[in-house]
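Visitor: Sequence:
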Amino acid sequence: MQLLNLALLIAVHPCVNALLEIDRAGTVAEKEFIDTDLQRDNAEAEAIFAPGLGSANIAAEVEAKLGLAAGSTQVDSRSGNVASILLSEPILPGTGVGNRFLWGGRTDGDGVSSSSSPHGDAILQSHEHWEETAIEAVKSWIGQHADELNVDVSEMFAPGTTRVAVHGDGDLIQLHIPHFFKGLEVVGSRAHATIKGGNLVAVGFEEWATIPSDFNVTPKLRRTKAYKTLANYVGRPMIRGETTCKAELQILTLTSQMTTYGNGY
Numbered sequence: 001m002q003l004l005n006l007a008l009l010i011a012v013h014p015c016v017n018a019l020l021e022i023d024r025a026g027t028v029a030e031k032e033f034i035d036t037d038l039q040r041d042n043a044e045a046e047a048i049f050a051p052g053l054g055s056a057n058i059a060a061e062v063e064a065k066l067g068l069a070a071g072s073t074q075v076d077s078r079s080g081n082v083a084s085i086l087l088s089e090p091i092l093p094g095t096g097v098g099n100r101f102l103w104g105g106r107t108d109g110d111g112v113s114s115s116s117s118p119h120g121d122a123i124l125q126s127h128e129h130w131e132e133t134a135i136e137a138v139k140s141w142i143g144q145h146a147d148e149l150n151v152d153v154s155e156m157f158a159p160g161t162t163r164v165a166v167h168g169d170g171d172l173i174q175l176h177i178p179h180f181f182k183g184l185e186v187v188g189s190r191a192h193a194t195i196k197g198g199n200l201v202a203v204g205f206e207e208w209a210t211i212p213s214d215f216n217v218t219p220k221l222r223r224t225k226a227y228k229t230l231a232n233y234v235g236r237p238m239i240r241g242e243t244t245c246k247a248e249l250q251i252l253t254l255t256s257q258m259t260t261y262g263n264g265y
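Mapping of the sequence shown onto my numbering: position 102 corresponds to residue 102, and the numbering continues sequentially without gaps.
Among these hints, one or two may not hold up.
What the hints assert, rightly or not - Derived pair list, reagent style SDA-like, types lysine to any residue, alpha-carbon separation capped at 20 Å: (1) K182 <-> P159; (2) K65 <-> W141; (3) K225 <-> K196; (4) K196 <-> D169; (5) K246 <-> S256; (6) K196 <-> E128; (7) K182 <-> D214; (8) K65 <-> S55; (9) K182 <-> T210; (10) K246 <-> F180; (11) K196 <-> W141; (12) K139 <-> V164; (13) K246 <-> L221; (14) K196 <-> S72; (15) K196 <-> L102; (16) K139 <-> Q174; (17) K139 <-> L87; (18) K182 <-> L252; (19) K139 <-> T161.
Said to hold, decoys possible - Label pairs and their in silico Cβ distance ranges: (20) I239 <-> T218: 28 to 34 Å; (21) N216 <-> Q144: 30 to 36 Å; (22) K246 <-> E61: 40 to 46 Å; (23) G104 <-> A202: 25 to 31 Å; (24) H176 <-> T218: 26 to 32 Å.
These are computed hints drawn from the structure, not numbers from a lab.
Positions of the beta carbon are idealized from the N, C-alpha and C atoms, including for glycine.
Build out the structure end to end from the sequences listed, making use of the hints.
Guide: If you want it as structure tokens, here you go:
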């Protein structure tokens, strides 16, 4: 696994209120620089789902454990983990196939227990309520199947980071879930989920490698040293306002030359 932790130095630009081209002259942004070792290469994306290399066996095993149809699962050969699955699993009340869930922990008349809602019997009408309930439902489902998916739910759903799009009064809900490790965002790695008619119909993981528990996230540069390095590079001291932007430590996911199956990140 090739993962790097790094301090991101901020490219500062003036605030504007119109769609105008920003004049970077005389600013730090004029000296933009990205180390070639930190550039993400997307040219090999087509190789991620390469057949063989054990992908078929892993997909079949996941499908059997989750009761999914054959061919519904794709495996990322670089991580050896699930990349995407198609399913139809009721997780919220709705009109999806086989969905008998009702709000409030009631039954549907056929003795089928329903989903409980944090809002009781109230019908969810606002996007905020749909977002909150969808996040909790997907988080619960992934947590229940974490072993089969080979993911750690504690690395997901950091407060305020999950983006949710609600369409058609909750008929279609899409979630974008960033990957975090020890509180740091793993750039390039993310999960996503789609709910249709209350049914979870798609779950995916992009560049989701298993990070060793002993992976060191301690920065090699202190904040002040990072700004001094930036000042040395641009050839002048930082001007007023350029040091007020917060430096951010992140983990970057990079592809490497695979030597063994599941060892491509």
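Visitor: State for each hint whether it applies.
Guide: Hints versus structure:
no., hint, verdict
1, K182 <-> P159, "holds (14 Å)"
2, K65 <-> W141, "holds (14 Å)"
3, K225 <-> K196, "violated (49 Å)"
4, K196 <-> D169, "holds (11 Å)"
5, K246 <-> S256, "violated (30 Å)"
6, K196 <-> E128, "holds (17 Å)"
7, K182 <-> D214, "holds (10 Å)"
8, K65 <-> S55, "holds (16 Å)"
9, K182 <-> T210, "holds (13 Å)"
10, K246 <-> F180, "holds (19 Å)"
11, K196 <-> W141, "holds (15 Å)"
12, K139 <-> V164, "holds (13 Å)"
13, K246 <-> L221, "holds (14 Å)"
14, K196 <-> S72, "holds (17 Å)"
15, K196 <-> L102, "holds (15 Å)"
16, K139 <-> Q174, "holds (13 Å)"
17, K139 <-> L87, "holds (16 Å)"
18, K182 <-> L252, "holds (14 Å)"
19, K139 <-> T161, "holds (13 Å)"
20, I239 <-> T218: 28 to 34 Å, "holds (30 Å)"
21, N216 <-> Q144: 30 to 36 Å, "holds (31 Å)"
22, K246 <-> E61: 40 to 46 Å, "holds (44 Å)"
23, G104 <-> A202: 25 to 31 Å, "holds (27 Å)"
24, H176 <-> T218: 26 to 32 Å, "holds (29 Å)"
Checked against the numbered hints above, the structure violates hints 3, 5; every other hint is satisfied.
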